[in-house]
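So the sequence lines, in the order shown, correspond to chains A and B.
First residue of the first sequence? That's 1 in the UniProt record's numbering, and the numbers climb one at a time after it.
First residue of the second sequence? That's 1 in the UniProt record's numbering, and the numbers climb one at a time after it.
Bear in mind the hints are in silico, worked out from the structure with no lab data behind them.
Only a predicted model underlies this, so the values are computations on that prediction, with no experimental measurement involved.
Heads up, a few of these hints could be off.
Label pairs and their in silico Cβ distance ranges [said to hold, decoys possible]:
#1 E85(A) / D169(B): 39 to 45 Å
#2 S6(A) / D238(B): 33 to 39 Å
#3 E260(A) / W197(B): 48 to 54 Å
Glycine residues also receive a C-beta, built at the ideal position from the N, C-alpha and C atoms.
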Amino acid sequence: MKKDTSYINALENEAIYIIREVAAQFEKPVLLFSGGKDSITLVRLAQKAFYPAKIPFPLMHIDTGHNFPETIEFRDRLVEELGLELIVRNVQDSIDQGKVKEESGRYASRNMLQTTTLLDAIEEFKFDACIGGARRDEEKARAKERIFSVRDDFGQWDEKNQRPELFDMLNGEIDLGQNVRVFPISNWTELDVWSYIEKENIEIPSIYFAHKRKVFLRDGLIWSAEDGVVYRDEEEEVIEEMVRFRTVGDMSCTAAVLSEASTITKVVEEIRDSSISERGARIDDKRSEAAMEKRKQQGYF
Amino acid sequence: MEVLKIATAGSVDDGKSTLIGRILYDTKSLTTDKLEAIEKTSKQRGYDYLDFSLATDGLVAEREQGITIDVAHIYFSTPKKSYIIADTPGHVEYTRNMVTGASTSQASIILIDARKGVIEQTNRHFFINNLLRIKDVVVAINKMDLVDYSEDVYNKIKADFEELMSKRDYQDQSISFIPVSALKGDNVVNASKNMPWYKGETLLDHLEKLDKADIFNVGTPRFPVQYVIRPKTEEYHDFRGYAGKVYGGNLSVGDEVVVLPSLTKSKIKEIYFYDQKYETASRRSSVTITLEDDVNVSRGDMIVKADDLPTIEKQFTANVCWMDSKQLTPGAKYIVQHGINKVLAKVDNIHHKIHPDYSGIEEEVSGLGMNDIAQVSFKLNKPIYYDKFKNHRTNGSFIIIDTQSNNTVGAGFIQ
Ligand SMILES: Nc1nc2c(ncn2[C@@H]2O[C@H](COP(=O)(O)OP(=O)(O)O)[C@@H](O)[C@H]2O)c(=O)[nH]1
Ligand SMILES: [Mg+2]
Chain A
1 MKKDTSYINA LENEAIYIIR EVAAQFEKPV LLFSGGKDSI TLVRLAQKAF
51 YPAKIPFPLM HIDTGHNFPE TIEFRDRLVE ELGLELIVRN VQDSIDQGKV
101 KEESGRYASR NMLQTTTLLD AIEEFKFDAC IGGARRDEEK ARAKERIFSV
151 RDDFGQWDEK NQRPELFDML NGEIDLGQNV RVFPISNWTE LDVWSYIEKE
201 NIEIPSIYFA HKRKVFLRDG LIWSAEDGVV YRDEEEEVIE EMVRFRTVGD
251 MSCTAAVLSE ASTITKVVEE IRDSSISERG ARIDDKRSEA AMEKRKQQGY
301 F
Chain B
1 MEVLKIATAG SVDDGKSTLI GRILYDTKSL TTDKLEAIEK TSKQRGYDYL
51 DFSLATDGLV AEREQGITID VAHIYFSTPK KSYIIADTPG HVEYTRNMVT
101 GASTSQASII LIDARKGVIE QTNRHFFINN LLRIKDVVVA INKMDLVDYS
151 EDVYNKIKAD FEELMSKRDY QDQSISFIPV SALKGDNVVN ASKNMPWYKG
201 ETLLDHLEKL DKADIFNVGT PRFPVQYVIR PKTEEYHDFR GYAGKVYGGN
251 LSVGDEVVVL PSLTKSKIKE IYFYDQKYET ASRRSSVTIT LEDDVNVSRG
301 DMIVKADDLP TIEKQFTANV CWMDSKQLTP GAKYIVQHGI NKVLAKVDNI
351 HHKIHPDYSG IEEEVSGLGM NDIAQVSFKL NKPIYYDKFK NHRTNGSFII
401 IDTQSNNTVG AGFIQ
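Chain A with its partners taken away, still in its complex shape:
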């Protein structure tokens, strides 16, 4: 059944309202841009909020150096087309400056290192509001995050002592040195984001769609074997599969899912089916179970 999507308008109106509040209440806001679908959605919402004027704040990408090349190409084109200002700060620089230490081994990832680079950049530019694409449905603890979430000088979130948020009034009063993380799509689910991308015909990086890729299997998950970012043991055999990515974060901790969904409509269908299928099993769980099965068949153990 095709679901009535008009409810997304309500979410869209709410997000635009929040983004406008940021521009009005803060001196130096910034939109944290990862190149992923959530931040691309945020850019579209920000465009809508200020049309026909340009988005009145820059985008900032904290680059782990482990991005999919498609994401970076996409980012640069988007910024160029919309005439936006883009700030890039690199995790590699934080590593070179000795501020953080690169992890090593099989599960090495730069995901955790990003925080230091981000906090330094916030301080460097004196940003007082950072717009991000986090959603409350992502994780249980996130479900309690406010829309305007105050962070102290150390970027800390005091989850037990949050400001109450009433009606749709957003209190952006802060002290010097504090900043606010703003989550305009707090109330969206993953499916909402995908449905919106479909409805609005928003362009997203190609890795979100099914494509042939050299991958290897580990712990029942599918990892990219291209670009050499993900550490791979020699005995972990490279195979080629039709896959897509559900998120496009740091390559080193972003697994692919087997998929034939080559268009946005098919991706939405796949996700919709997965979220309301029997006992709500997610398609990627199922797919990866299947992948595991395959791995066994191929005699890995």
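Got chain A sorted already, so can you dock chain B with the ligands onto it with the hints?
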């Protein structure tokens, strides 16, 4: 359809978290990994049933102590609607959290433990729901499995609650009574086989049938200007657009309007939503408006229909719910945020405290503590443009901000 936001209310252990978990389970909204986690933890703890409250209690401290500390938002959808349920905690800061949860909700569920019936806490839950003028309230009489699914118990609780209803201030509130077992799943999503005497809707059926008219009050249009859009490009050289959200009712091109506080008259020239122009902007849409005349409008101003002005005053009286451990005292100064408009306010007088359990009022009050509800009057440094809360839920409400801590310390409903 819009997204339906629902607040829950109930004392500790009445089964709020279990009820929400049950809804998620029966609507197949729990993903396999979440379900497995619930099964595993329930087993580890030696339960012989699934503890669905694990689905919503998110903070580590909550999982450890088995209680809900902060409001959690839970999302699920059916082919008909998208839902957001606020799971509100039942502990010390109860009133504060409930007011918060209810302020953004259009419907609410009050839980009653069938073994305990209507207790003092129920009065409070109902009082707050009524104070916030939630249009649709479901009284879920829970744990029916523990009272042999007895119709008599249900009827007794219903009668007691109806007596409470006779004391309410806001009469135009629809109230339904549903006997449920959150744990066993009776009448939550699926109709109960254990209570053939109950012929009404299940909880989910009830929510699914709610229509816009059942949950929204129609009021008059109010358009607070959030942001002035001046592109300063060749193409839009003289463009001055007023960005904001429409509250209460629709605005259309050609409408005669007045800009507050200047009282300048003009007409709506264009309504933009992104790059499209529209004839009408409907309630709650975030649009950009241009006016026929070159008037001076800035953030915090309000555009309203010329024949329907709000009250423009430098003082008001309101019911205030206090949310801070530092007391509110007469003479103290705060920031009042009314919609997007911020003004400096001084507490003029605390008239009386209102006991939220319908046990009356208390005069001679020297200050307000956490969770107190009272009638308070304020003096402002600038006028605001308000409606009474009973006529306009958005334009009749405000928050109070502490000038030192910057915290949101209270909420108010203008009388
Ligand atoms: N027998 C029975 N127990 C229930 C029911 N609903 C909740 N409980 C139990 O009551 C306790 C408190 O439930 P919980 O959902 O945590 O309550 P909350 O504090 O309102 O969130 C738990 O042990 C639940 O298993 C019910 O319908 N029947
Ligand atoms: Mg609970």
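Cross-check of the supplied hints:
1. Evaluation of the 39 to 45 Å hint for E85(A) and D169(B) yields a failure: the beta carbon distance comes to about 52 Å.
2. The hinted window of 33 to 39 Å between S6(A) and D238(B) holds, with their beta carbons roughly 35 Å apart.
3. Between E260(A) and W197(B) the Cβ separation comes to about 52 Å, which falls inside the hinted range of 48 to 54 Å.
The structure fails to meet hint 1 from the earlier list, while all remaining hints are met.
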